[in-house]
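Here the protein sequences line up with chains A and B, keeping their order. Everything in the first sequence is counted per numbering that gives the first Met the number 0, starting at 0 for the first residue and increasing by one. Everything in the second sequence is counted per numbering that gives the first Met the number 0, starting at 0 for the first residue and increasing by one.
If you're looking for bench data, these hints aren't it; they were derived computationally from the structure. Please note that a few of the clues may not be correct.
These stretches of chain B come out as covered by chain A in the derived footprint (C-beta under 8 Å, 3 or more residues) [as the list claims (entries may be wrong)]:
#1 38–49
#2 183–191
#3 196–203
#4 322–328
#5 369–377
#6 402–412
#7 483–489
Simulated crosslink set (DMTMM-like; lysine to aspartate or glutamate; CA at most 25 Å straight-line) [unchecked claim]:
#8 A:K284 to B:E349
#9 A:K140 to B:D140
#10 A:K318 to A:E136
#11 B:K167 to B:E224
Nothing here was measured: the structure is a model prediction, and the numbers come from that model. No residue lacks a Cβ here, since even glycine has one placed at the ideal position from N, Cα and C.
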Amino acid sequence: MKHRVFVAVMGVAAASVLFATWAAAQTYPTKPVTLVNPFPPGGTLDLHARAVATAIGPFLGQPMVVENKAGAAGAAGTQSMLAAKPDGYTLLQGWTGLSLIPHVDALMGRPQLFKREDFIPIARLTASPPLLAVNAESPWKTLADLVAEAKRRPNELRHSSGGLYGISHIPLELLKLESGFQMRHVPFTGGAPALTALLGKNVDASICYPGVCLPQVRAGKIRALVVFGAARLADYPDVPSVKELGSTAEFYGWMSIMAQKGTPPEVVTTLRGALAKLVREPSYKAVMMQIGETMAYLDGEEFARAWDTEYRKMEEVLKAVVKK
Amino acid sequence: MGVLDNAWMGFAVAVTPRNLLYALAGCLIGTLVGVLPGVGPLAGISLLLPATFGMDPAAAIILLAAIYYGSQYGGSTTSILMNIPGESSSVVTCLDGYRMAQQGRAGPALGIAAFGSYIAGTLSVAGLMLFAPLLARVAVDFGPPEFFALMVLGLVLLGYMSSGSMLKTLMMAAVGLILGTVGIDPITGYLRFTYGQTVLADGIGFIPVAMGLFGVGEVLYSLGEKVLPAVQRPSLRTMLPTRQDWKDSAGPIGRASVIGFLIGILPGSAHVVSTFVSYALERRLSKHPERFGHGAIEGVAGPEAANNAATGGAMIPLLSVGIPSGPAPAVMMAALMIHGVRPGPLLMQENPRLFWGVIASMYVGNLMLLILNLPLVGLFVNLLRIPYPILYPVVLLFTVIGSYGISGNIGDVVIMFVFGVIGYLMRHLRFDAAPVVLALVLGPQLENSFRQSLLMSGGSFAIFFARPASAVLLAAGVALLALACLPPLARRIRGRLLAGGADGA
Numbered sequence: 000m001k002h003r004v005f006v007a008v009m010g011v012a013a014a015s016v017l018f019a020t021w022a023a024a025q026t027y028p029t030k031p032v033t034l035v036n037p038f039p040p041g042g043t044l045d046l047h048a049r050a051v052a053t054a055i056g057p058f059l060g061q062p063m064v065v066e067n068k069a070g071a072a073g074a075a076g077t078q079s080m081l082a083a084k085p086d087g088y089t090l091l092q093g094w095t096g097l098s099l100i101p102h103v104d105a106l107m108g109r110p111q112l113f114k115r116e117d118f119i120p121i122a123r124l125t126a127s128p129p130l131l132a133v134n135a136e137s138p139w140k141t142l143a144d145l146v147a148e149a150k151r152r153p154n155e156l157r158h159s160s161g162g163l164y165g166i167s168h169i170p171l172e173l174l175k176l177e178s179g180f181q182m183r184h185v186p187f188t189g190g191a192p193a194l195t196a197l198l199g200k201n202v203d204a205s206i207c208y209p210g211v212c213l214p215q216v217r218a219g220k221i222r223a224l225v226v227f228g229a230a231r232l233a234d235y236p237d238v239p240s241v242k243e244l245g246s247t248a249e250f251y252g253w254m255s256i257m258a259q260k261g262t263p264p265e266v267v268t269t270l271r272g273a274l275a276k277l278v279r280e281p282s283y284k285a286v287m288m289q290i291g292e293t294m295a296y297l298d299g300e301e302f303a304r305a306w307d308t309e310y311r312k313m314e315e316v317l318k319a320v321v322k323k
Numbered sequence: 000m001g002v003l004d005n006a007w008m009g010f011a012v013a014v015t016p017r018n019l020l021y022a023l024a025g026c027l028i029g030t031l032v033g034v035l036p037g038v039g040p041l042a043g044i045s046l047l048l049p050a051t052f053g054m055d056p057a058a059a060i061i062l063l064a065a066i067y068y069g070s071q072y073g074g075s076t077t078s079i080l081m082n083i084p085g086e087s088s089s090v091v092t093c094l095d096g097y098r099m100a101q102q103g104r105a106g107p108a109l110g111i112a113a114f115g116s117y118i119a120g121t122l123s124v125a126g127l128m129l130f131a132p133l134l135a136r137v138a139v140d141f142g143p144p145e146f147f148a149l150m151v152l153g154l155v156l157l158g159y160m161s162s163g164s165m166l167k168t169l170m171m172a173a174v175g176l177i178l179g180t181v182g183i184d185p186i187t188g189y190l191r192f193t194y195g196q197t198v199l200a201d202g203i204g205f206i207p208v209a210m211g212l213f214g215v216g217e218v219l220y221s222l223g224e225k226v227l228p229a230v231q232r233p234s235l236r237t238m239l240p241t242r243q244d245w246k247d248s249a250g251p252i253g254r255a256s257v258i259g260f261l262i263g264i265l266p267g268s269a270h271v272v273s274t275f276v277s278y279a280l281e282r283r284l285s286k287h288p289e290r291f292g293h294g295a296i297e298g299v300a301g302p303e304a305a306n307n308a309a310t311g312g313a314m315i316p317l318l319s320v321g322i323p324s325g326p327a328p329a330v331m332m333a334a335l336m337i338h339g340v341r342p343g344p345l346l347m348q349e350n351p352r353l354f355w356g357v358i359a360s361m362y363v364g365n366l367m368l369l370i371l372n373l374p375l376v377g378l379f380v381n382l383l384r385i386p387y388p389i390l391y392p393v394v395l396l397f398t399v400i401g402s403y404g405i406s407g408n409i410g411d412v413v414i415m416f417v418f419g420v421i422g423y424l425m426r427h428l429r430f431d432a433a434p435v436v437l438a439l440v441l442g443p444q445l446e447n448s449f450r451q452s453l454l455m456s457g458g459s460f461a462i463f464f465a466r467p468a469s470a471v472l473l474a475a476g477v478a479l480l481a482l483a484c485l486p487p488l489a490r491r492i493r494g495r496l497l498a499g500g501a502d503g504a
């Protein structure tokens, strides 16, 4: 008798737990969702995060709130997001640095703060190829000119970046590895000082992203030599792509939404659906145009595959670049 | 289009009822975030960024810029009343400002700070209007070697700020430099002294250290005193600056406006350097330099004017070049981009109404802030009447909010309390806290600029002397250092000569 009661009670308990999980997942989200932006306010990632959060409300059924958690070039905020419960209520504004930081940590002999496996990519939203820029007063009109000069005077030309092993450093390293020239790297802390250094002729070249350099190019202060994408950008019709020039040094600064490993599949599906609708939303597309970002939507599965490929490629590149 | 025509157009934009209202709102919010220790203009501007999305771009920038320069008015309040700097540019104000408050002269200190800020702010906007395109060029040409030279000058000037033992000041500056090495080295990527804590990866922040040493340390120290200073009862008469105060402050304010403006132009610069260039300059020029550190009004007027002029100067890289000179202007730039306005060298031509409208609104805003802050002086001075058992917990609350609010990391609050204990010990041992935090700000910039310069030159030190601006600044630093060492050296030599003469006679 007691045994049967016990089994019955256990059965009811199990059923209610299952029901509760099912119910919670069915009605996700039931409260506002936080999107962690691991960078300080005001940057391109921040503007993108806010644009997503503003426009996604109707598609999710709950408001999305951006939380800035800056530090360690994006690592601090990423770590804190991964430490949160994988229930779909704390997401990450992902960026290309996620493909770089883990390898840099490993190559420098310190514990990896996070890895590819810690994330479930929900969708990639944008992918903007950067540009290689030189000061308008410099003599190099094409990439070939610059590379020739660099080969003639190895390690005398200098290039600036917004951060060591970051998204404005690696594209030029790709070119170096491919063409075999050497240039001194002068790291700065942030895109603005790196661009200032180029404008002031304190360095010879720099990588910058389309939204940021457009005003300088239009004002005739800097000249873009090549764009690291497969096709020319609409804002820069005269700048050839790496593909046109026969180079394989493609690089994209992408922005995506990530969830933690272990997030329930139903939650992931809901998010994917909401983002699929978001990318067709005119107000969101308008903001992307304002900030100069290229829309490049890839849904979860496809993005996961593309990211895997990039992640492995970056591991090889960084092995050649990182000095211990 | 002449400058006057542009100014006229600008005022037409700035003086519309809606834009006036936004300017006022920005001034109010700016003053508030400035007064709250640890909460800076960046917090205020970022919070309001989404609210500006639906606004006209000129109105959005008017609002955000008002918060930015408004916060410099409020920053002096906590420095003077409670010896807690709100921003790095308010640290120097603590030195003489707090002393004045303890002497019952908080009112004049706050009043002169407000007026000095107004005059400097207005002069810097005038400078912005007249010289923006010219100075934009200067801003961009200032590279790592010049930065390094400026930081060296700044460090030398730190020595001029000691009112007590020079040796102790230099020791504290050295401590600050050492603390500044913690974190990721931007040039090689190595982690230094982080012990695996991600919160330390960006270094020990200025806010937790300043809040700890000045705020928490002050509270702990006062609690340890057997007899607390009597709660003040300021009268109306004592709240106004005296005629002598005005006379003494006129020169410092004028000089500081120029210094602050020029240093503020530099993108990514330490505005804090302008405050101690001003302080050191006033001390050297003063007929009674021994008054500094003990409540000299020039020590408040100069630095406060300098930091306000610096925010005016900081708008130049943003509006004329399209490069933000710090985190707060970066958010303003984002606000412009969101509205489809691309900040860059062509902004003045493509969007003259916005460009001149914002500048004109800065004049108006400075005036509003003066009118706002003067009556507030009376209110703030009365804060000193609050009994300590209530005041101190509130101060601690704000310091905790300020530290946590940086990036929502409790580690920053822990750092603050650690430095609170250190600050308490330092007070007991009569060590000044100001050099520590100032060197903490200067150190990383000094090191980075140095190494970036050498990377630029391929290892040659000649770069610092081949470039005129850098050479001049370095020469100035060396000269000032020599000047500081000269009197004690001369005394020594004279002493030896006299002793030798006595023996020989």
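- Query: Under a C-beta cut-off of less than 8 Å, do 3 or more residues of the region 402–412 of chain B approach chain A closely enough to confirm the stated coverage?
  - Reply: n = 3 at 8 Å, threshold three: holds.
- Hinted pair K284 of chain A and E349 of chain B, Cα distance within 25 Å: holds, 24 Å
- At a Cβ distance under 8 Å, does chain A reach at least three residues of the region 196–203 of chain B? holds (count 4)
- Message: Just to be careful, I want the Cα atoms of K140 of chain A and D140 of chain B compared with a cutoff of 25 Å; is the pair within it?
- Response: Given pair K140 of chain A, D140 of chain B holds - Cα atoms ~23 Å apart, limit 25 Å.
- Is the hinted pair K318 of chain A and E136 of chain A satisfied, with a Cα-Cα distance of at most 25 Å? Outside the cut-off at roughly 35 Å; violated.
- Item | chain A covers the region 38–49 of chain B, three or more CB atoms within 8 Å, holds or violated | Contact hint for the region 38–49 of chain B vs chain A: holds, 5 residues under 8 Å.
- Three or more residues of the region 369–377 of chain B near chain A by CB distance under 8 Å? violated (count 0)
- Item | Assertion that chain A covers the region 483–489 of chain B - criterion: three or more residues, beta-carbon distance below 8 Å | violated (count 0)
- Message: What's the verdict on K167 of chain B and E224 of chain B, does the C-alpha distance respect the 25 Å limit or exceed it?
- Response: Roughly 23 Å separates the two Cα atoms, so the pair holds.
- Apply the coverage criterion to the region 183–191 of chain B and chain A: a residue qualifies when its Cβ sits closer than 8 Å to a Cβ of the chain, and three qualifying residues are needed. holds (count 7)
- Go check the region 322–328 of chain B versus chain A for me, would you? Three or more residues, Cβ under 8 Å, otherwise it fails. holds (count 4)
Of the numbered hints listed earlier, those contradicted by the structure are 5, 7, 10.
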